[in-house]
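Let's have the full structure, built from the sequences with the hints guiding it.
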Amino acid sequence: MKISLNWLKDYVDLSDLSTDEIVDKLTMSGLEVEDVSDENELYKNFIVAEVKSVTKHPNADKLSVCEVFDGKENLQVICGAPNVAAGQKVVFAPIGTIIPNGNFQIRKAKIRGVESNGMICAEDELLLSDDHSGIMVLNENLPTGKPITEALNLNDVIFEIAVTPNRPDALSHIGVARDLSAIFNRDLHIPEIKLKESKKKASDIASVEIIDSTNCPRYSAKVVLNVEVKDSPEWLKNKLTRIGLRPINNVVDVTNFILHEIGQPLHAFDLDLLEGKKIIVQSTTEEKEFVTLDSKVRKLPKGTLMICDAKREVAVAGVMGGENSEINSSTKNILIESAYFNPSSIRKTSKALQLSTDSSYRFERGTDPGITKYAAERAAHLIAEISGGEVAEGIIDVYPKIIERKEITLRYQRVTKILGYEISKEKIHQILSRLGIALKDINETSLLASVPTFRPDLEREIDLIEEIARVNGYDNIPVVPKISITLEQKVDQQKFEDEVRNIISSLGFSEMINNPLESEWEAKLTGNPITLANPQSVEMSCLRTSLLAGGLNSVKRNLNFGVRDMMLFEVGNVFNKKSDSSIKTFEDISEKQNLILILSGKEEEKFWNTQEKYFDFYCLKGLVNAFIKKISLDNQLADLYYSSENEIYSYYLTKNFKQQVVGTGGKVKRDVLNKFDINQDVFVFEFDLTALKQISPESKKYIEPPKYPKVHRDFAFIFDKNVQYLDVKNFILKKASKLLKSVELFDIFESESLGRDKKSMAFTLEYFDESRTLTEDEVEKDFNYLITEILKEFKAKLRG
Amino acid sequence: MLDEIINQIQNEFEKDILEADSLKKLEEIRIKYLARNGSVTLLFDKLKEASKEEKPVLGKKLNELRNSITEKFNSKKELLEKSETSAKEFIDLTLPGKKVKLGSKHILTQTLEEIKQIFKSMGFSVFEGPELESDYYNFEALNFPEDHPARDMQDTFFINQKFLLRTHTSPVQIRVMESMLPPVRAIMPGRVYRNEAINARSYCTFQQVEGLYVDTDVTFAELKGTLVSFAKQFYGSSLKYRFRPSFFPFTEPSAEMDITCFICNGKGCRICKNSGWLEILGCGMVDPNVFKYVNYDSEKYVGYAFGMGIERIALLKYGINDIRLFFENDLRFLKQF
Chain B
3 MKISLNWLKD YVDLSDLSTD EIVDKLTMSG LEVEDVSDEN ELYKNFIVAE
53 VKSVTKHPNA DKLSVCEVFD GKENLQVICG APNVAAGQKV VFAPIGTIIP
103 NGNFQIRKAK IRGVESNGMI CAEDELLLSD DHSGIMVLNE NLPTGKPITE
153 ALNLNDVIFE IAVTPNRPDA LSHIGVARDL SAIFNRDLHI PEIKLKESKK
203 KASDIASVEI IDSTNCPRYS AKVVLNVEVK DSPEWLKNKL TRIGLRPINN
253 VVDVTNFILH EIGQPLHAFD LDLLEGKKII VQSTTEEKEF VTLDSKVRKL
303 PKGTLMICDA KREVAVAGVM GGENSEINSS TKNILIESAY FNPSSIRKTS
353 KALQLSTDSS YRFERGTDPG ITKYAAERAA HLIAEISGGE VAEGIIDVYP
403 KIIERKEITL RYQRVTKILG YEISKEKIHQ ILSRLGIALK DINETSLLAS
453 VPTFRPDLER EIDLIEEIAR VNGYDNIPVV PKISITLEQK VDQQKFEDEV
503 RNIISSLGFS EMINNPLESE WEAKLTGNPI TLANPQSVEM SCLRTSLLAG
553 GLNSVKRNLN FGVRDMMLFE VGNVFNKKSD SSIKTFEDIS EKQNLILILS
603 GKEEEKFWNT QEKYFDFYCL KGLVNAFIKK ISLDNQLADL YYSSENEIYS
653 YYLTKNFKQQ VVGTGGKVKR DVLNKFDINQ DVFVFEFDLT ALKQISPESK
703 KYIEPPKYPK VHRDFAFIFD KNVQYLDVKN FILKKASKLL KSVELFDIFE
753 SESLGRDKKS MAFTLEYFDE SRTLTEDEVE KDFNYLITEI LKEFKAKLRG
Chain Z
9 MLDEIINQIQ NEFEKDILEA DSLKKLEEIR IKYLARNGSV TLLFDKLKEA
59 SKEEKPVLGK KLNELRNSIT EKFNSKKELL EKSETSAKEF IDLTLPGKKV
109 KLGSKHILTQ TLEEIKQIFK SMGFSVFEGP ELESDYYNFE ALNFPEDHPA
159 RDMQDTFFIN QKFLLRTHTS PVQIRVMESM LPPVRAIMPG RVYRNEAINA
209 RSYCTFQQVE GLYVDTDVTF AELKGTLVSF AKQFYGSSLK YRFRPSFFPF
259 TEPSAEMDIT CFICNGKGCR ICKNSGWLEI LGCGMVDPNV FKYVNYDSEK
309 YVGYAFGMGI ERIALLKYGI NDIRLFFEND LRFLKQF
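Chains as they are written, first to last, in our numbering: chain B, 3 to 802; chain Z, 9 to 345.
If you're looking for bench data, these hints aren't it; they were derived computationally from the structure. Each hint should be verified, as a subset may be incorrect.
[What the hints assert, rightly or not] Partner residues aside, some chain B positions facing chain Z, computed with beta carbon under 7 Å:
1) G32
2) N168
3) R349
4) G390
5) V482
6) I487
7) Q496
8) M514
9) N536
10) R559
11) N560
12) N575
[Stated by the list, open to error] Covered stretches of chain Z (chain B as the covering partner; in silico rule of three or more C-beta atoms under 8 Å from a C-beta of chain B):
13) 44-57
14) 97-108
15) 117-131
16) 185-199
17) 267-279
18) 330-341
Just so it is clear, CB atoms sit at the ideal spot from N, CA and C, and this is done for glycine as well.
This is the structure in structure tokens:
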């Protein structure tokens with residue numbers, strides 16, 4: 003919202019304050035000034051100049067070479083505007099001037115071979131309007147050479163203020179002035195109205211009926227007769243253009259002026275276009291089309307609050323008037339609407355029509371039901387004054403159920419308890435009074451505050467405490483240098499995932515964070531996706547069902563960046579619908595935390611002392627097992643291998659806890675990779691971290707390393723090729739004595755000499771006992787027994 | 009006869025030790041003379057065969073032989089070990105070392121960890137809640153009335169009428185308070201979603217850390233104390249700050265905390281939009297209406313709450329100029345942190 007400093011000064015004396023001081027105090031009391039535009043800065047250097055002569059540019063049809071007098075000398079200036087003519091007074095930017103629109107500096111230049119020493123400006127270049135049809139032609143009486151800040155009164159300061167949704171009262175100049183009056187403790191002057199009324203009674207001329215009084219609690223109307231619709235006087239145009247509004251005509255401009263002065267949106271109807279000279283406020287009972295004054299056809303949903311005349315709709319209440327009753331150049335008699343609408347009704351309409359206006363913006367935040375009469379009268383007075391009309395006597399004011407001021411008890415001790423410091427009673431009284439709050443029943447411990455109707459946000463004691471705190475300044479609240487800590491048991495629900503990140507990154511993986519929103523086909527690869535009702539795009543229409551698609555997209559991006567070797571991981575939530583029916587409760591949703599590991603490219607690069615080596619399934623498995631061991635689940639999870647493909651993997655491995663799969667991974671299928679434009683192998687493992695967290699032991703126990711020597715024995719066998727390592731290992735462990743503590747595969751090979759369908763596997767066995775030194779004999783006995791059993795079981799041959 | 013053998017061994021050893029020019033050769037000498045099957049050791053076995061009279065004399069001679077050999081052996085060994093570093097073979101020490109692959113945690117994770125650590129040291133617990141939330145937890149119980157413009161402050165991704173992607177971590181406040189009675193002192197980090205256009209400054213998802221403290225004697229002054237302490241630990245102790253009134257439906261009074269722009273030192277620059285200040289978090293005293301939803305007695309209990317965005321903090325702290333870099337996962341970016 004744009005607020006003019008000069009305009010503010012109409013209501014509160016700020017003459018002794020610097021702009022910086024005002025900006026700082028406004029911001030520090032809750033009306034954040036986001037931008038300050040000081041016209042004295044913006045328009046410094048611009049002067050009034052006179053065009054002495056205009057000749058055609060020798061090398062360009064659309065350009066003119068002008069002789070411009072700046073008050074001291076004649077300058078040659080090139081101008082492209084069609085309307086430039088000798089004798090005009092114009093806004094001139096000498097060399098060195100910074101043009102506000104685009105923020106560029108005017109330099110001496112040659113334009114198509116002819117020298118130019120400055121620029122004659124159009125309104126848009128000065129940010130005075132969007133008009134770029136020609137240069138600004140000034141009043142010929144303005145003195146040549148005078149700075150435009152003086153000549154055109156461009157000496158205002160415009161604030162851009164961000165008003166929070168709880169402060170509808172501050173959406174006007176008087177609203178902001180009221181805060182300033184409280185902050186600087188000075189009087190607020192609200193303009194008095196000296197209304198001259200004709201003998202004709204408004205109530206004889208027009209009438210108002212409210213049918214939907216829930217959504218329209220109050221409707222006030224003033225009638226002004228015999229107006230002449232024309233341009234507004236300069237002072238009014240000036241006020242509006244300063245805050246970025248385009249002047250239209252004297253009637254509409256006054257309604258806009260009132261909106262920005264006091265915050266009450268008004269609408270002016272051409273009274274003669276209102277059938278039966280009647281206003282009826284009611285909600286639509288069916289869907290309808292309606293043409294608003296911007297000439298657009300709007301679809302009104304059922305239940306839209308409308309202003310109607312005796313026969314038809316004439317305005318969308320609180321949002322925009324209709325084309326059919328708009329003020330036009332031949333309008334003579336007008337009806338000024340000044341109403342209070344139910345905020346949520348206006349918000350619904352504004353949302354449904356996707357139309358937000360200065361009016362709807364204020365109504366949906368809550369205007370002041372108490373101000374409608376004043377606003378209508380002030381508007382009528384101003385319109386009559388500048389358009390020569392006469393104000394009909396009296397006001398039509400339909401207000402079936404008066405909205406009373408709220409009364410709130412404020413305890414002084416509660417202010418101290420919440421804020422942590424004491425503010426004097428006098429200060430509290432002063433602040434509340436300046437904000438327009440009437441103080442009643444003041445006693446030792448409390449007061450009763452009567453809250454004006456323009457403050458719908460003040461409903462409870464805590465709301466008053468906030469007012470006191472913000473006006474007195476948050477800076478005055480002490481910063482306590484110590485806090486008390488309650489020694490209850492602390493919880494850290496993220497401890498496990500933090501530890502997981504530490505382990506995985508220590509294994510050499512880099513952490514990714516991918517967008518959890520993805521396309522439907524990606525989400526469908528790995529689950530039953532939950533779809534957004536209002537996605538930004540099809541690429542982001544579903545929640546991820548696993549971390550796979552996000553991860554593969556990151557692989558692809560890295561390949562595009564020229565990074566080919568990668569170890570990536572991510573910890574993130576994944577979402578699945580539990581069934582195909584719609585989501586009604588949390589029971590229908592599965593939200594889990596997953597961990598994904600991704601390997602692609604080379605594990606080892608070719609280096610002067612190493613050979614290059616590509617990541618493979620066994621790298622993946624080794625890293626997965628290292629992780630599992632670190633979280634102490636290495637003896638808890640069972641491995642299950644699948645060499646037959648599924649949707650994602652051409653061969654894969656699952657980690658199971660009891661019957662539950664807690665992780666899956668393997669080599670990603672080529673057709674899946676093709677969908678992501680990836681042309682190298684990718685190995686993936688994805689864990690259900692939520693499940694791992696539940697089964698992972700809270701603490702670790704120390705196991706004493708063996709004290710007695712270990713005995714090692716090796717053997718190698720020739721097996722049929724389809725014999726699996728794990729079967730042999732498990733068989734050995736099953737058959738061996740308890741002294742055998744580990745079996746490791748240390749060699750595997752195939753060759754012609756072994757036979758076509760044969761392979762050799764060599765194992766190292768490790769024997770020891772925690773309580774004694776083993777004898778050669780007992781190891782030898784077990785070792786020989788194992789050889790016999792393996793030969794039998796696998797029809798293997800012992801290698802010499 | 010043994011005498012002769014002793015002399016012979018002695019002479020042979022003198023010659024061998026003289027010729028030994030490497031530790032490897034020296035080891036051969038040790039095996040030849042002093043090991044279990046070495047010639048000197050074997051001589052001691054022969055001592056058993058000697059007569060009673062000869063034994064003491066021969067024993068003495070053998071001991072002398074062994075001592076002499078051991079001594080010369082050791083001094084030669086020492087000599088060779090010393091000169092090993094200046095070995096004759098050429099070693100190119102400028103060859104590159106083994107390339108060790110380092111993993112990395114995402115810079116946002118690291119930033120979050122630092123924040124968590126500071127609050128944990130102040131006695132805060134860490135809680136989590138779901139990203140897919142209900143309208144009740146995300147808005148209603150946080151005092152966002154239906155059809156209120158306050159809902160426009162946060163562009164929301166909806167699943168349906170009742171469910172949505174949480175727009176802030178504040179719903180976890182409600183979940184935590186539902187699950188326990190005061191005192192509650194917790195931070196609640198997590199991912200949130202906003203239906204905002206993706207560009208250099210905004211993204212459709214980011215992480216927040218929510219904070220909540222409810223007890224019988226909590227004050228705004230203590231909120232300021234806690235957050236100032238946090239900011240000084242995180243941004244540096246010389247930092248300047250201010251608390252500015254603001255509005256959040258679930259706190260009253262509400263504030264935003266600004267710190268001096270550390271890019272321009274408060275002079276005004278593009279990053280701080282010429283104000284000299286950077287907004288780092290929102291905070292306030294828990295609105296009594298929120299306590300109503302979780303059945304806390306707002307006369308008895310007072311609370312404060314705060315929330316901050318991690319991406320914004322990391323952008324500022326590390327001078328990253330485009331928020332999308334966090335989600336591209338370019339390894340050349342990830343590995344820098």
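Structure-based check of all given hints:
no., hint, in the structure
1, G32, "holds (3 Å)"
2, N168, "holds (5 Å)"
3, R349, "holds (5 Å)"
4, G390, "violated (40 Å)"
5, V482, "holds (4 Å)"
6, I487, "holds (4 Å)"
7, Q496, "holds (5 Å)"
8, M514, "holds (4 Å)"
9, N536, "holds (5 Å)"
10, R559, "holds (6 Å)"
11, N560, "holds (6 Å)"
12, N575, "holds (5 Å)"
13, 44-57, "violated (count 0)"
14, 97-108, "holds (count 4)"
15, 117-131, "holds (count 6)"
16, 185-199, "holds (count 5)"
17, 267-279, "violated (count 0)"
18, 330-341, "holds (count 7)"
Violated hints, listed in ascending order, are 4, 13 and 17; each of the other numbered hints is respected by the structure.
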